[in-house]
Amino acid sequence: MSKPEALRITRLEVRFGAVRAVDGADLSLAEGEVLALLGPSGCGKTTLLRTIAGFEHAAGGEVWLGGELIESPSRAVAPHRRSVGLVFQDYALFPHKTVAQNIAYGVPRGVDAKARVRELLALGGLEGLEGRYPHQLSGGQQQRVAVLRSLAPKPRLLLLDEPFSNLDPALRAEMRDEVVKLLRAEGVTAILVTHDRADALSVADRVAVMQAGRILQCDTPEGLYFRPQSEAAAQFGGEVQYLPGLAKQDVVQTALGLAPLAGSEREGVCRVLVRPEWIVPCQGAGEPATVVSSRLEGNQVRYRLRLDSGDEVAMLTASGMRFADGLRINVRVHVPLPAFGPADAPGS
Amino acid sequence: MAVLPSRNGLRAPVALWLPGLVVVAATLLPLWYLLKRSTERGWEPWRETLTGPALDLLANSIKLSMAVGVVCVAIALPAAWLTVRTDLPLRRAWAVVLTLPLAIPSYVMAMTVVAALGPRGIVQGWLEPLGVERLPEIYGFWGAALTLSAVSFPYVFMVLRAALRTLDPSEEEAARSLGAGPFRAFATVVAPALIPAVAAGLLLVVLYVLSDFGAVSIVRYNTFTRVIFLRYSSSFDRTAAAILGIVLAGLTLVLLAGELGARHWFSTRATSRRQAPARTVHLGRWRWPAVAFLSFVALVSLVLPLGVLTYWLVKGIRAGTDFPELWEPVRHSVTLAAGGAVLTVVLAMPIAILAARFGGPLARVLEQLAFATHALPGLVVALALVFFGIGYATDLYQTVWMLLAAYVILFLPNALGALRAPLLRQSRHLEEAASALGKRPTTVLATITLPLARPGAVAALALVFLTIMKELPATLLLSPPGYRTLPGVVWGASNEALYGSASLPALVLVGVAAIPIALLVWRGELEHVEA
Numbered sequence: 004m005s006k007p008e009a010l011r012i013t014r015l016e017v018r019f020g021a022v023r024a025v026d027g028a029d030l031s032l033a034e035g036e037v038l039a040l041l042g043p044s045g046c047g048k049t050t051l052l053r054t055i056a057g058f059e060h061a062a063g064g065e066v067w068l069g070g071e072l073i074e075s076p077s078r079a080v081a082p083h084r085r086s087v088g089l090v091f092q093d094y095a096l097f098p099h100k101t102v103a104q105n106i107a108y109g110v111p112r113g114v115d116a117k118a119r120v121r122e123l124l125a126l127g128g129l130e131g132l133e134g135r136y137p138h139q140l141s142g143g144q145q146q147r148v149a150v151l152r153s154l155a156p157k158p159r160l161l162l163l164d165e166p167f168s169n170l171d172p173a174l175r176a177e178m179r180d181e182v183v184k185l186l187r188a189e190g191v192t193a194i195l196v197t198h199d200r201a202d203a204l205s206v207a208d209r210v211a212v213m214q215a216g217r218i219l220q221c222d223t224p225e226g227l228y229f230r231p232q233s234e235a236a237a238q239f240g241g242e243v244q245y246l247p248g249l250a251k252q253d254v255v256q257t258a259l260g261l262a263p264l265a266g267s268e269r270e271g272v273c274r275v276l277v278r279p280e281w282i283v284p285c286q287g288a289g290e291p292a293t294v295v296s297s298r299l300e301g302n303q304v305r306y307r308l309r310l311d312s313g314d315e316v317a318m319l320t321a322s323g324m325r326f327a328d329g330l331r332i333n334v335r336v337h338v339p340l341p342a343f344g345p346a347d348a349p350g351s
Numbered sequence: 261m262a263v264l265p266s267r268n269g270l271r272a273p274v275a276l277w278l279p280g281l282v283v284v285a286a287t288l289l290p291l292w293y294l295l296k297r298s299t300e301r302g303w304e305p306w307r308e309t310l311t312g313p314a315l316d317l318l319a320n321s322i323k324l325s326m327a328v329g330v331v332c333v334a335i336a337l338p339a340a341w342l343t344v345r346t347d348l349p350l351r352r353a354w355a356v357v358l359t360l361p362l363a364i365p366s367y368v369m370a371m372t373v374v375a376a377l378g379p380r381g382i383v384q385g386w387l388e389p390l391g392v393e394r395l396p397e398i399y400g401f402w403g404a405a406l407t408l409s410a411v412s413f414p415y416v417f418m419v420l421r422a423a424l425r426t427l428d429p430s431e432e433e434a435a436r437s438l439g440a441g442p443f444r445a446f447a448t449v450v451a452p453a454l455i456p457a458v459a460a461g462l463l464l465v466v467l468y469v470l471s472d473f474g475a476v477s478i479v480r481y482n483t484f485t486r487v488i489f490l491r492y493s494s495s496f497d498r499t500a501a502a503i504l505g506i507v508l509a510g511l512t513l514v515l516l517a518g519e520l521g522a523r524h525w526f527s528t529r530a531t532s533r534r535q536a537p538a539r540t541v542h543l544g545r546w547r548w549p550a551v552a553f554l555s556f557v558a559l560v561s562l563v564l565p566l567g568v569l570t571y572w573l574v575k576g577i578r579a580g581t582d583f584p585e586l587w588e589p590v591r592h593s594v595t596l597a598a599g600g601a602v603l604t605v606v607l608a609m610p611i612a613i614l615a616a617r618f619g620g621p622l623a624r625v626l627e628q629l630a631f632a633t634h635a636l637p638g639l640v641v642a643l644a645l646v647f648f649g650i651g652y653a654t655d656l657y658q659t660v661w662m663l664l665a666a667y668v669i670l671f672l673p674n675a676l677g678a679l680r681a682p683l684l685r686q687s688r689h690l691e692e693a694a695s696a697l698g699k700r701p702t703t704v705l706a707t708i709t710l711p712l713a714r715p716g717a718v719a720a721l722a723l724v725f726l727t728i729m730k731e732l733p734a735t736l737l738l739s740p741p742g743y744r745t746l747p748g749v750v751w752g753a754s755n756e757a758l759y760g761s762a763s764l765p766a767l768v769l770v771g772v773a774a775i776p777i778a779l780l781v782w783r784g785e786l787e788h789v790e791a
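Here the protein sequences line up with chains A and B, keeping their order.
The opening position of the first sequence corresponds to residue 4 in this note's numbering, with each subsequent residue numbered one higher.
The opening position of the second sequence corresponds to residue 261 in this note's numbering, with each subsequent residue numbered one higher.
Treat the hints as calculated values from the structure; they're not laboratory data.
Among the clues, some could well be false.
So, partial list: chain B residues that the calculated Cβ filter (under 7 angstroms) puts toward chain A [stated by the list, open to error]: (1) G269; (2) L683; (3) R685; (4) E692; (5) S695; (6) G698; (7) K699; (8) T702; (9) P711.
Just so you know, these numbers come straight off a predicted model, no measurement behind them.
In this text, a Cβ means the ideal position worked out from N, Cα and C, and glycines have one as well.
Turn these sequences into a full structure, and let the hints guide you.
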């Protein structure tokens, strides 16, 4: 049983002059789902978000919100009639209004604004700050006010544009968890735009990977990490390295031995994705390799290994043990491996 | 973050662009009419007007504006640096003192310069016992240059102070860390970064000098502007005045294009900088020469005019001089300045909001057209309105409404400049945020945009009030017959060399004009205002 669809985007195109910022994007969200939109700077993710909110306009394609067409080349519902909340990267808090006034701003008539503000302040842990002005708040507090303000009118969909990018790294993970807790508590459907892999993979139900104006893959975090559908999508899920391989039905032979294939069956020569942390040292069974060099990276150790095939690969292991340079060890992979045809290689 | 076009994603409400369009069209109408008036009799009057002496006048105007520009930069650059970056004693007070000459109209300055330094002037009176028979000639070029430098250097001073403050000190620090000494760092890093601000300030002064009419008339230096006025007031056929006005407007528009370029360059260089306080330079034993330099500037630009006016006042009171009745002109001038300021700021508001908060091609065109009038001398605008009034608006001609219209046309750009800065400082997403929270465009305008515009509006009101108080040519040409204003009274008395009786109204005028400056300085807002 699946939940009702909250948002559907089909073949959306947004142009700025000759530039196609969004170029045929497809996306759909279920009610209550939190989706991360992951992509590099300039890939069109912010433009996609602003088009859903009604601040940019479609040159092609459609955006449906809860069964209502809100954006197409021939129809554009005004932003204030969409019930789509937007949290800006710079928060855009009203500088002349207090925390309470900011949050109460969007509460519709007929709703007890004071009660709603009290409820949200409690939810965000901001009791006692309601009389402050935005410039009297810390970055993390401003961020929470921005999210609470957007939640106040109970939007059908909440969009968050790089909400954590202005926070320092120590605060970032904490705020991320807290904001997602808020979203879940309100049960709101949300899209979170980010260029940070950890943001996307750790908090979202699904991750949509965007590049050059298109959605490459929209999948669960596990799906994106373990079963990327293209080399381009693979690099958003984590660190990538490739080995040549030979596939036969559901297995693939590489210099690291025979491994099950992730995804569909294939035949013949291919490029096989082996993330460095998928390689593990083992006793006995496995392929022999020589340690070329190693480096401690805090909570992990990064090795360069030379396989007997002549291929060099990177391996990540937990810190604690350390193989000396020149040591002969045995290694194997412990997950099914995704493989791509030569035609999928970047640049071809 | 993706690269987005720098505009707001909302459609500008009709409540903004319709008034904006009407205001800009209305400000351009009289100028279009001046152009029409100057060409309706063919090219023959153009040839008669523009041969021979007219070109000499143009050369005089250009020569004077260049000289004043150079002197202003030579005063303002060290003064701005001393008051922003060094441990000069009382530097905040110096900043105020060097801004205050803005309250002194150029014609008042000119009167006092002539009285102090002219033949049989005060200074010569002091020196006579020492055997000095003659002082250098004060009438003509040198008197005009001295007078106009003394009243217009504060504009450059303000622009440069603002530029020095927003300059990122880390660039200078980087130069120092790469082995450059303090002098080389200043010459290779700081000075080049100031060039756009210097250019902007210079152009401001050049435009001011080209349009000045009061001071050059008093020191009898024949510039373009002075001759336009003489032609206008001495003949029945005013085509020649219209033609000269068009030429002057054309010259200033060329300069405006340069100013726009400088402004653009300036803004691309100075935005999104780290606003860290720069290291204070210790003057050491150089502090006393610095104080001496600033004291000299203050002496000429502030102590001299106020001292001379006070001297006359005292002398006049002792001699039982008949001072003109002042209550009526003060009331008229304050009413005009207050009314004109409110009108100008209200009319500038839609354009400023469109340009600073919405953007887009229409807003850009409106703003540029509104700024185009910045370059137009008050005399030219006044002439245009005279012709327009006689031709099309006889009901309005010779009423205060016509005068108010001239003020709006002249000072709309000043109001825009002051309104823009605080509007630009806020996140451009605020209206979008309000809109995403379900508010209609008019509600967004009333609850978000207009409150944001309030601080700018206060600065704009003060600035326009001050400028209208001092304004002379439009006030002279367009005041209804028998309508006495403070500038009119001062001008009338000085024309008849009745300096004694001019002293009281002049002091009152400077006093009233100083009030908005005090307000702006006190609020610390003068630095953000593009004069």
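Using Cβ atoms only, decide whether E692 (chain B) comes closer than 7 angstroms to chain A, and label the hint accordingly. At 6 angstroms from the nearest chain A Cβ, E692 (chain B) passes the 7 angstroms test, so the hint holds.
A closest beta-carbon separation below 7 angstroms is what the hint needs, so does S695 (chain B) meet it against chain A? holds, 4 angstroms
Is the hint on K699 (chain B) kept, meaning its closest Cβ partner in chain A is under 7 angstroms away? Hint holds; K699 (chain B) Cβ to chain A Cβ min 6 angstroms, cut 7 angstroms.
Evaluation of the interface hint that places G698 (chain B) against chain A, nearest CB under 7 angstroms: At about 5 angstroms, which falls below the 7 angstroms cut-off, the nearest Cβ of chain A leaves the hint on G698 (chain B) intact, so it holds.
How about R685 (chain B): closest beta carbon in chain A under 7 angstroms, or not? Status violated, d = 9 angstroms.
Status of the L683 (chain B) interface restraint (C-beta, 7 angstroms, chain A): violated, 12 angstroms
Can G269 (chain B) be said to touch chain A, with a Cβ gap under 7 angstroms? Interface hint status for G269 (chain B): holds (3 angstroms vs cutoff 7 angstroms).
Closest C-beta approach of T702 (chain B) to chain A relative to 7 angstroms, hint status: Interface hint status for T702 (chain B): violated (11 angstroms vs cutoff 7 angstroms).
Can P711 (chain B) be said to touch chain A, with a Cβ gap under 7 angstroms? holds, 5 angstroms
When held up to the earlier numbered hints, the structure conflicts with 2, 3, 8 and fits the remainder.
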